[in-house]
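Please build the complex by placing chain B on the supplied structure of chain A, with the hints as guidance.
Listed below, chain by chain, are the residues.
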Amino acid sequence: MNFSSIIPTANSIPTSWEILQVLLLLTFIIHIIFVNILIGSGIIVSAYTVNSRKNTTLIAHQIGKTIPITMAFTINTGIAPLLLLQVAYGQFIFTSSVLMAVWWIFAVFLMVVSYCLIYVFSLKLKYKRSIKDRVILIATLMLTVIGFIISNNMTLMLSPKTWMDYFNISNGTLMNLTEPMLLPRYLHFICASIAVGGIFTAWLHKLNKLGNSKRINPSNTRQYLKWFIRATIIQFPIGILFLLSLNPEAREMLTGQDTYKTGLLIVGILSGLSSLILGCKGKLIQCTIACFTTVSLMTLLRDQVRKTYLSPFFNPHDLVVSNQYNLFVIFIIVAVLVVILLVYMLKIASRKKGETNQL
Amino acid sequence: MNYPVWECYFTGGSLIVAAIAIIHVYIAHFAIGGSFFLVVTEYIGSRKQNKTLAKYVKSYTFFFMLLTMIFGSLTGVGMWFCISVVSPSATSTLLSNFVFAWAIEWIFFIGEITTLLLYWYYFDKIDQKQHIRIGIFYCIFSWLSLFTINGILSFMLTPGKWIITSSSWDGFFNPSMLPSLGFRTFFATMLAGLFGFVSAVFVTNSDIRLELINWCVKWTLLSLILSIPFLWWYLEVSSVQTEGTLTTLSPEISIAKCSLYLSIPMMLIVIIFIVINEGGRIQKIMAFTLLFIGIIYTGSFEWIRESSRRPYIISNYTYSNSILLTDVARLNTNGLLKTAKWVENRQISEHNVLEAGREIFRIQCLSCHTVGGPVNCILNHTKNFNLYGLDSQISGQGKLRGYMPEFFGTDSERMALSRFIIEKLHSKNPSPVTKLKTKKISTYPFDKTKDQYLLVGAAQYGICEVQEHELWAMDSPSNAIYAQLILRGKIPKIVSENVIVTYNIGRYSGEMLFSEELSAFYADQVQAILDSSFSICDPYPVTMITATDASSGYILAQSQFVMPASREIGCKHCHGGDWRYNNQNGISTSTAENILKTHDKISKTNFLQLTKNKGTVKCRSCHDENTTDLSEKHLNLSAAIHGFHAVYLSGKKMESQVCHTCHSTDYKGHTRSFRGVHCGTGLECTNCHGNISNLAIGLLKEELKQDKPSAKMLIKQIGENNSKGSDLVAPRKPWVNLPSCLNCHFDFKEPETDEHPVGKWIKSENSLFRRQADESGIMCISCHGSPHALYPSVNPYNENLDNISVLKYQGNTAPLGSAGNCEVCHTVDMTESIHHFSNQNTQ
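Line order of the protein sequences matches chains A and B.
Just so we're aligned, residue 1 is where the first sequence starts under this note's numbering, counting upward by one.
Just so we're aligned, residue 360 is where the second sequence starts under this note's numbering, counting upward by one.
What the hints contain is simulated information worked out from the structure, not anything from laboratory work.
Some hints could be false.
[Stated by the list, open to error] Straight line, CA to CA, 20 Å or less: simulated PhoX-like cross-link-like pairs of lysine-lysine:
(1) B:Lys742 / B:Lys807
(2) B:Lys783 / B:Lys807
(3) B:Lys1060 / B:Lys1092
(4) B:Lys977 / B:Lys992
(5) A:Lys65 / B:Lys799
(6) A:Lys347 / B:Lys992
(7) A:Lys161 / B:Lys849
(8) B:Lys488 / A:Lys347
(9) A:Lys281 / A:Lys206
So that you can see chain B by itself, here it is in the shape it has in the complex:
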């Protein structure tokens, strides 16, 4: 931000640094360990009067000198050059704090290479005692150079008290300095032993070879054994200092730890092979294998160190993208473009949005990501997202999986970045509006003067989303239908006896049972998606219900209503893939796999593999809201899904768009399921349910009652800034504690204000609108229609599709019996209403 960013798309900064670092780290450790190996070996040779050992040391020294002096020192310089251009800000911080430590290291290094040159050039030319004395100084200098550089390196992961005191001493003698020094020391000597094997196996004299191999075995094993306690200490200290990053969500660290631990026994096995196979052909191959395992051992350790430092380059001070922790608040308030120095587009307009996005990408992403490069390619990481999905991902980035920095900047800057990635890098276009075919409706006649019965019905859910895929199943409650048969008269009656009520949806039909509790006929577990050919194109199949006299079989009344069912669940917006059916709905296999993959990655499950052997993963088998087991620590499904996604979706300006991303309410989509009277008045999902943060926090609060750790973690990650008013949100159980009509319709009247109290939920399931009845036993949905499709509803396929029932009985789309239509049931006009009694008590 303070410095320009090298816009190197293919390699990014990280690849170049990593490429040089791998070589440098290996050779630098080898240089240090090798100094001890050479001098100790020479000393033992001199004590035993063994000229062979001395000769071996001499030949090894030459190879060693070339390797360390050319590649060791130059890759060190290379590293420095690279970090200077990739992370100038962090390099500057390190220099500003440790320039004299670095200078001291430089002095030691000068001492090291001078003594190495003397050691090599004066082999056999001076008294061996003096030669060994030079060698001892050579060892001391090389170790001291490790000592100093180790202080700076370990500082980057665990700056310790430096964060508070800014003292270079505190920074240098940081918490992981000693364990890191111990590990690196013995690791370095071990590495020299591994190289020793390689040079030893090429010795032609078998006695000498055996002697050398035995010496390398002792040396390497001792070093390896001594390195292990320091490794353990280092991992412990680092884990505490980085607040557990080492043990949390980063999958990279798990892999690195695994390879680190595996490489130890592998080394032992290969060493045994080398000893057993003395003189055999395989011995040389094994020696190189050993060297390779050594690289894995080093690489894994450095990988852990690098990964656990994320999202920082200097822990708790500078983020990986060189943004200082202290600048974050300023960036989020004023914006990145107005704060950063090396930026051309200070204001975002439609004209420059992509250029501004590019500048933001440069500053925030390019230090770690490549574009089309071999590692950490941004195109791979973002290929699944559409614009909104990516914007959401970036919004939640770094919160749940803390090894990436969060996005720093304003909402419009975040959108500019998303647009740059989607429109410029991926060349993706926004998805078009789905064209819908108008659906014809036909109503059955109703004669107010003659017809004795009135049959009314509705689906319990006006929005019913059905997820069904072979890989995983949410098993959400399926839709149910209710019907009430009313015998018309001055005082109408609800008929429950001697009648048979049946339903028919396309090819599917069945008899409805009468519920005394509801005073209604019902059929639950109605197969929402009847079959693929039926529902793909039609999220609003019409249900025909028929009441017949049980004894005569005479049809008393018939009615129709919509039983919504949609597969339009927008997982694909973030998880990739296409719609499964007709480019309109359904979760494709690609999307479903990605979801399992993500779950596996974050929750360390193995579902994707499991599905190959054992079939469908049932989400509710772990995330069950109906469980009575108080020790259950999994969140219920609603809390888990909303809680997790709220981390990414919270804080958006267009709050209802968040709902439309996942649910079938998208105005451009195939279902457009929010269509009732409230939609017509301009209300949005969030007016009743609250925004995603409040919705999720309500669910999580309920889970918090059982001390579920995920609930606590998610509430924290959703963040206070994104969840204004969340303290007022009452805990809620999914599908039970829902918004009450009375939150706005006080005393059943039209709301007097535009205020929408959020977070007050109905206490019990039986008080819900979909199950509630008035004093006379008439269910709310019988007169008002299904939730989210309340009369008068405007269905996207035909504006009167949801209103068929009321249109039939009263010729208009108002709620049944309203607007002076009392005679629909009562046969006469009534002067007062008794229907709006409610016990929708809220909590």
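For reference, chain A alone in the conformation it holds in the complex:
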């Protein structure tokens, strides 16, 4: 049986492919930054709690207080890109999700448990400190497992050839472990999370949210940026490994065959390098901007890799467009209005901020 014959027929898309792409990329960039902050913070907090000799436990708990909110926004910002992914690439993502259904649903279970554990860690509950420390470690481990499951799904959707395994394993326990790019890609993501998590904690410090942390490093934010710097340094060899693990078509595309995509990769690497240099110099704002740019560029690149992988089976312009532009316009209007309203409310909330705000 030819594996291309089992690729499901695509449904219509509501607007042009380009609009969907822009929305998908925009929402994904927001989501992935929250994901990176969440997992990065989790890893940093876990590391601080494990290494409690340096009197870092208190800082860990101060960072930990922000994790529930980060998790709430991570989950909720994830909804839009997954929705758009299912609309734009439904025939691929639905299929891969079914093939690994057990893990996919297990990820939800892990989300619920880790969310509860994060609250246990962050709230003033009367648990022993050692228990709370273990709790955040377990929660972080769970989050990284969720990341691994999602990486599996995102790579499995690109590999219809592997789908044929369904005829041997149809109970939803398929994984894409034989995929060469899976591990480098996952490590790339974990490293990025630690780096972004480092920037986030540095910001918390800068915004004076870490209370007693001044005792450790009262003068600057470099202490926290070390997480970013070290993770970014490791990121470069992992990135190369990731590049090499791509299939020949994608690899060649990024190494000269396609000027635009190769250029994107080079600009992305340069942006990453600049963020590293800025991080080393302790320039938090500039470093953050460079890091954000790098994440955005890498997201664009990720999208190009996906398209290259799927190009033998999928041409976006073959999709039927059902012209729901009026709904799209309403969505944009609603989004803008809600953002305005939220800004307004933040303004209301910050009126007495100087005296009482502890957010």
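Structure of chain B alone, referenced to chain A:
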């Protein structure tokens, strides 16, 4: 079909979705209602300058935030993940049509959780007016998220004009959108009130507790009262839109409706208890009880919604198993295996039939059924069937009880599915051929030269099935026997006077009466099954008839014939249980109970319970064909039984096998009652009676004359595809309008063609073969034997068992007097026959 199916036998797809959905629906509604409850309570507290209320709201908000943000949002995501893997096709359709509605809902939800976080974190930290203002936005966002998701949810049950226009607007603003929104809004606020009770009863200060409880009472009652008209509106609209599924056969909906309606007064009672028992221990228990009743109220509503959507997941568009309505014709013509994408076995052979069956099971069944799982287990649903029974059940599935999809595919695919379920999942083997013991016969001598009299007789039914069980009784007409005493001579005479004709069957005997109308002695209501020991092993007891001179007591003539009677009625093939007697015949209690249970389920009767108190249910007390009451709406028994089962049995390739499933004609069985000359020529039941569809439609058409709604419904369900030629079938009364011999034997000659005209029935009972006589008064059955056992017959217990009578008189098995045997009666050879006159007029 377009997507792979997650082969998760133990949970299936439905259980996982249901488990998450129950939690999510409850918490999500609570989140929406709670926002209003918190903000309104805070507002009232601020107006009354009541700090206690404000404090209460704060503590409640924290609990509320944890519950909604962790479990509410995550179970929502969980639901989405689950439906993506369980029903990817339907999810894709929803996304394709409503992605921006979903995206808008997402924006509102972001607004909701942001404002909730602000509301919680800035309690007591900003001016209360500003705090309430944030709260108001929080309420607005939460309600707007309900507004958008409600449009999509209600679309699935009532897509309305979307089916025609494919416009997302039409889909969103569908017929049940507004009532559903209204109900969910007030239901959500009510739920918050119920949670309010739980938190209020734990307040230690009695004054404050009382104040809070009073507030919760007002809040909950107002919400409950406002939700009721919307509930009624929703049920009305949904019922119309789903063509009455809500009010038809689904027993699940009846239970859910019952619990929905009951939970309302129960809530009121418990609230009264909470108020009366102020400060008492029971108050806390009652608060949790109230919460539990709230779950029942929610669960019942969602249950009704889910059940009434069946057999669809998106009404009139996508079936529960993700098969599109538009694909059905293609599937039935080309086959599922050739059409579906995720299939390995495209062709069915004996080698791969079970694997193919498994693939069909995966696509068609697994989205709702589990295998060995806690809900909707396919093993429980199919345990009663044998292979043929299951194949028939699947064939009729979804037609009468429309909450399951029909089977989509070819006959061989349906059989592959049945075989997979029976042979692989149940590990059942086909039933073996019954071994029959040969029966000895002994004939009484007849001397053509000396004997003056000839006594001939036959049973009126060559096939007589007797159903007798303590639980229910069909009371079918019992067998009767006829005998004619002929005084031999050149012109023989039928003797009716001064003779006594008696019958004897084993231990049972009696005198036969003479009927002027029939010119024959008869004994009706002959106890067909004489006693258990007699008939269990012998469906063909031999009757001895004796004619004696009334004055002298001298035996004039004796004869024998078979009086068939069989308990082999194959209900068990579909209704489960074993044979009652000797693993050969009889309806077991298990089978009988299942039949009553099925009747109760489908016709909403209570027979199973009734039998425990009042004894046997008499089928004909409702389904009476002899009733003269024109207002009677029950079908007669034949029409009801054949009509109902035809829905499941129509359209089978081996049409006569359908007859053998229920009747005692099965060639592997204990009776094998179709054994006459027609059987020997290769004819089948359906050649004369028509296939099950035509047979049933004939009966139903007659009932249609009285506008019986069930007749109309069954004719529709049997379907045009399965009842070719049914337009030619004339209406018929059971036991009266039967096939005429002349349909084939035109002018009493051998048929010239293989054509078997079906659907032409004899007009009146007296013209039936079993009661018909020729010009001289000799009954047809006297010379030809009983119907279905016409001479020469081949009885399975002894090939000549049915032919004893003719063997005695003429030494061969041909019809009496045929093949040059005129002298049997006439004592001389005759040159022409006058016997084949008939008035078997057909309609």
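Run through the hints listed earlier and report the numbers of any the structure violates, in increasing order. Violated hints: 1, 2, 5, 6 and 7; rest satisfied.
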